[in-house]
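Protein chains in written order, with the working numbering: chain A, 1 to 297; chain B, 1001 to 1225.
Incorrect hints may appear among the rest.
[What the hints assert, rightly or not] Beta-carbon label-pair distances, calculated as ranges:
{"hint": "1", "chain 1": "A", "residue 1": "Ala176", "chain 2": "B", "residue 2": "Leu1069", "range": "43 to 49 Å"}
{"hint": "2", "chain 1": "A", "residue 1": "Ser21", "chain 2": "B", "residue 2": "Lys1133", "range": "56 to 62 Å"}
{"hint": "3", "chain 1": "B", "residue 1": "Trp1072", "chain 2": "A", "residue 2": "Ala176", "range": "37 to 43 Å"}
{"hint": "4", "chain 1": "A", "residue 1": "Asn190", "chain 2": "B", "residue 2": "Asp1181", "range": "45 to 51 Å"}
[What the hints assert, rightly or not] In silico DSS-like cross-links for lysine-lysine, where the CA-CA straight-line distance does not exceed 30 Å:
{"hint": "5", "chain 1": "A", "residue 1": "Lys10", "chain 2": "B", "residue 2": "Lys1094"}
{"hint": "6", "chain 1": "B", "residue 1": "Lys1133", "chain 2": "A", "residue 2": "Lys10"}
{"hint": "7", "chain 1": "A", "residue 1": "Lys10", "chain 2": "B", "residue 2": "Lys1073"}
{"hint": "8", "chain 1": "A", "residue 1": "Lys10", "chain 2": "B", "residue 2": "Lys1115"}
{"hint": "9", "chain 1": "B", "residue 1": "Lys1089", "chain 2": "A", "residue 2": "Lys10"}
{"hint": "10", "chain 1": "B", "residue 1": "Lys1068", "chain 2": "B", "residue 2": "Lys1094"}
{"hint": "11", "chain 1": "B", "residue 1": "Lys1068", "chain 2": "A", "residue 2": "Lys10"}
{"hint": "12", "chain 1": "B", "residue 1": "Lys1130", "chain 2": "B", "residue 2": "Lys1115"}
[Said to hold, decoys possible] In silico negatives: residues of chain B with every beta carbon more than 10 Å from chain A:
{"hint": "13", "residue": "Asp1022"}
{"hint": "14", "residue": "Glu1056"}
{"hint": "15", "residue": "Gly1082"}
{"hint": "16", "residue": "Glu1136"}
{"hint": "17", "residue": "Ala1151"}
Keep in mind that the hints were calculated from the coordinates and are not lab data. C-beta atoms are modelled at their ideal positions from N, C-alpha and C, and glycine is treated no differently.
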Amino acid sequence: MALRVDYIAKETANNLIRNPSLTIATVLTVAVSLSLLGAALLIQRGVDGLNDRFKDDVEFIVWVEPEASTDQVDLVRRSLEESSGVRDFRFVDRDETYAEFVDFWEDSPEVIEAVGPEELPTSFRVVPLVPDLAVVQALGAEFDGLPGVLKIDFAGEYIKQLNEFTSIASNIMLGAAVASAVASAMLMYNTIRTALFARRREVEVMRLVGASNWFIRIPFMLEGLFQGLVGAALSVLSVYGLNRGVRNLLNSTDFRLLDSFALDSTQLGSIAVWLLLCGAVIGFVGSGIAVSRYLDA
Amino acid sequence: MIKLENVTKEYPGHSVALKSADADIVKGEFVFLVGPSGSGKSTFLRLVNKQEDPDEGRIFVAGKDIGKLSSWKVPMLRRNIGSVFQDFKLLPNKTVAENVSFALEVIGRPRHVIKTQVPAICELVGLGDKTTKYPEQLSGGEQQRVSIARAFVNRPLILLADEPTGNLDPQTAIGIMRLLDRINKTGTTVVMATHDRGIVDTMRRRVIELSHGSIVRDEAQGVYE
Chain A
1 MALRVDYIAK
11 ETANNLIRNP
21 SLTIATVLTV
31 AVSLSLLGAA
41 LLIQRGVDGL
51 NDRFKDDVEF
61 IVWVEPEAST
71 DQVDLVRRSL
81 EESSGVRDFR
91 FVDRDETYAE
101 FVDFWEDSPE
111 VIEAVGPEEL
121 PTSFRVVPLV
131 PDLAVVQALG
141 AEFDGLPGVL
151 KIDFAGEYIK
161 QLNEFTSIAS
171 NIMLGAAVAS
181 AVASAMLMYN
191 TIRTALFARR
201 REVEVMRLVG
211 ASNWFIRIPF
221 MLEGLFQGLV
231 GAALSVLSVY
241 GLNRGVRNLL
251 NSTDFRLLDS
261 FALDSTQLGS
271 IAVWLLLCGA
281 VIGFVGSGIA
291 VSRYLDA
Chain B
1001 MIKLENVTKE
1011 YPGHSVALKS
1021 ADADIVKGEF
1031 VFLVGPSGSG
1041 KSTFLRLVNK
1051 QEDPDEGRIF
1061 VAGKDIGKLS
1071 SWKVPMLRRN
1081 IGSVFQDFKL
1091 LPNKTVAENV
1101 SFALEVIGRP
1111 RHVIKTQVPA
1121 ICELVGLGDK
1131 TTKYPEQLSG
1141 GEQQRVSIAR
1151 AFVNRPLILL
1161 ADEPTGNLDP
1171 QTAIGIMRLL
1181 DRINKTGTTV
1191 VMATHDRGIV
1201 DTMRRRVIEL
1211 SHGSIVRDEA
1221 QGVYE
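Next up, chain B with everything else stripped away, as it sits in the complex (with noise of 0.2 Å):
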């Protein structure tokens, strides 16, 4: 589903992001990059989606090699690609219904599509009863939530997660764990950014440990060190 094929990627005036990284994640895996910060988990997800694109190498994804797609075809590979991030990403000055909406409207679905899916998935992330609130009326991990819906709303093949529980607490960040578990089972990639121990340690998935840009561990049912 995704492949980095000896991927470098440097940052002018900094050190290197990435450097010659392999990786070959298949359909339906849920993937932890460990690894501490400035070590390039981040590039790692930038460069799936394309926000970024590599100095070298080669990133395929669902066999596609996406430096090759012209730039008015990367709007359609994102849109396979849901997003996820520590700050959620939220539009204050929409409710919660609207928030998962817009990722709908702004990519063009009819009206009875979104009118039917926005509530399912509000209800599949536990916040049914909450359409109609606000981000700034609801706790770090409801918001989270929200940012997750959004992500999942158009059913895409893969969801990139950068830090998700970052901002939250244990307990909260139990509960996201939760929901990407459930995503994962419906046969979504995963692959999530963390330097959370344990919720590393107790999933027991397939972890990437990255350091200085370089792949040193790439092991199955892995732990986070």
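In isolation and in its complexed conformation, chain A is listed as follows (with noise of 0.2 Å):
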């Protein structure tokens, strides 16, 4: 059977401004659930691209005391050169420690007036051979008993902080989420109920004459889907400022660690597909169970 384009296009629009209120409502709580959702993925997608950065350039740093004689830096030196575990390693003197002080502070001259090069401690920053976070660690503890050395740093700890810290994040937002998003479902059911109620003179006449099940039902399925559809829309507008506003906030500080938090075109895109995609499934699951309820007496 021929399904008239022109009919279920009016019809469907008909019930999406029958109840305007209804259906801004329902649309905000989408946006709201799916915008929790792509948080959750951002900070993921971050974490993810945090873990792989760390893989590729992982190492630890052998601060060496500001007092330590030369033969003692070169103790250090040469016990890096020996050891099987490094893959490279490079030294940074005090000029250009004092350099990346100097950039660091540049917003509080009273600090650099304050440290004179002479203050700050030398270091060797370390590449291991093993990008792995326990060998690391056991690896930088072999240089910790040397003269001379101040302490060993590991960027790998702040990273397996900063990680446990952020899934525990995403994981509350991922609830939330998922908890609003069945909110969203409910309302939605809810909304199509409605508009089924507003219709039912139409749909018993209908049913009387013999329009076929799914005339029925494709107008109020599109309603939801429609509804579910703008609320993702919404949803991915926000996901987008809220990663230009990180984008924002890293590229103000020096602090390159982050910055895979700030995400590419190709990961939003990939998150953007997903946050439509849900608000889809919960129009469609929404008024499906709708009609089904409430045609198939």
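Build the complex: two chains, separate frames, hints provided.
Put into structure tokens, the structure is as follows:
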């Protein structure tokens, strides 16, 4: 049987504008729940990116005391050269450290004035052979006891803590997203039920004259689908906005470690596709349950 | 055309609506279902277009056992059965022509068919000059004519009418009966539930009398009692 496209479009549009406050409420609920989901996905992609980066250039830093003698520095250098676990290392001398220091504190000239180059520690930036946190930590500990060594810093330690924190944060957000997605599907169900009630006379006549079940259902399901997709589109906008905010924040600091939290357009695009898909599912499931409960009597 | 075999229908918590009913209505007949309120007349009609399913027994429409009809084929059954009600069931936000074309639109009839059929059927029921009026601008009799036009526009094999004159004064009711008689003369089988004694006694058609869900009388050219 030929479904009349103009009829279905007209009926769907009528349903949408018949009860604008309910339509808006449904769309906004979908938007909020999918924004939460989008934020959780942003964080997860950021952490993934961070871990990928960490695997590429994992390093630890051997800080040498400012007062250490040349012999002591040479001893550390020789130990690193002889170590089988070290792939590469680089010595950062006092001038370079001072340059980094000045760069970091450029907004606070009083700090720069108070500290001279001779007060800063030099350091070795070490790239280990095996980029595994446990192996790297064991390797770093070998250099901890050497004379003149101030302390060992592991980039991985921060990343591990950051990982734990962000996975908790993204799990909480994911939980909230799932709960609010269920809420929005239920609101969708009630919106479509209200639309069915508002059109109960038409539906009754349609059934009596022998309109097919799908002909009666499609405008209501399309109404749900449309609301789900509009809500999802709003959540995509808010995710793009959030990502832009994160990028601006990261660009305003010199802290490059977290750069992976500002996603590129490919990653954002895949999140957008997921959100639109979820919006469509919420719309279809909510309206589908409503029409099958109230039309299959 | 319509055949009931030992049909029983019970509503939970109520008395039996139809009890071991047997009836055979052939093509082109005009049948009155009579009996007091609650005797099972409406249930009889609702079973024929499968708005209800019987608890026991079988119902045949045009030779087919409708109990074996899958749910997606029920709309096809209903396209062959027009329905008219005491309360008209017109859509108040649609004009006469729109109410009638609605019945064709929703079963996917092409536009050119609607364009020719709708004015013709409005003419047939005597509302050719009122197609742009809304139901609230019409008298009760005129509204029932719209509802008959809607039920008949798809040329069904069967027309079911549940107390179609129940809300109308006797003079208007006679007009509606003339219209139903004309439709019957085109070959459409008409089954009409009523407790309008005057109409039944005047028309002298087949009468099936129900009492507490049982068929207690079935006679050709019968009277109300």
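Status of each hint after checking the structure:
At about 48 Å, the CB distance of Ala176 (chain A) to Leu1069 (chain B) agrees with the hint of 43 to 49 Å. Between Ser21 (chain A) and Lys1133 (chain B) the beta carbons are some 33 Å apart, a value that contradicts the proposed interval 56 to 62 Å. Roughly 41 Å separates the CB atoms of Trp1072 (chain B) and Ala176 (chain A), a value that falls within the hinted 37 to 43 Å. Asn190 (chain A) and Asp1181 (chain B) have their C-beta atoms about 48 Å apart, which keeps the hinted 45 to 51 Å range intact.
For a cut-off of 30 Å, the pair hint linking Lys10 (chain A) to Lys1094 (chain B) stands: about 14 Å separates their Cα positions. Note on Lys1133 (chain B) and Lys10 (chain A): the hinted pairing holds, with a Cα-Cα distance of about 22 Å set against a maximum of 30 Å. Taking the CA atoms of Lys10 (chain A) and Lys1073 (chain B), the gap is about 26 Å. The hint holds against a cut of 30 Å. At most 30 Å may separate the alpha-carbon atoms for a hinted pair to count; Lys10 (chain A) and Lys1115 (chain B) meet this at roughly 19 Å.
Restraint check: the Cα-Cα separation between Lys1089 (chain B) and Lys10 (chain A) comes to about 22 Å, which is no more than 30 Å; the hinted pair holds. With a CA separation close to 36 Å, the supplied pair Lys1068 (chain B) and Lys1094 (chain B) exceeds the 30 Å bound. Annotation: proposed proximity of Lys1068 (chain B) to Lys10 (chain A) is violated, straight-line Cα distance about 35 Å (limit 30 Å). Between the alpha carbons of Lys1130 (chain B) and Lys1115 (chain B) the distance comes to roughly 16 Å, so the proposed pair stays at or under 30 Å and holds.
In this structure Asp1022 (chain B) is separated from chain A by more than 10 Å, as the shortest Cβ-Cβ distance comes to about 26 Å. Residue placement check: Glu1056 (chain B) keeps its beta carbon more than 10 Å from all beta carbons of chain A (closest about 21 Å). With a closest Cβ-Cβ approach of about 8 Å to chain A, Gly1082 (chain B) is found to fall inside the 10 Å limit, against its non-interface label. The claim that Glu1136 (chain B) is not at the interface with chain A holds, since no C-beta of that chain comes within 10 Å of its own (minimum 14 Å).
With a closest Cβ-Cβ approach of about 8 Å to chain A, Ala1151 (chain B) is found to fall inside the 10 Å limit, against its non-interface label.
Of the numbered hints given earlier, the model fails hints 2, 10, 11, 15, 17; all others are met.
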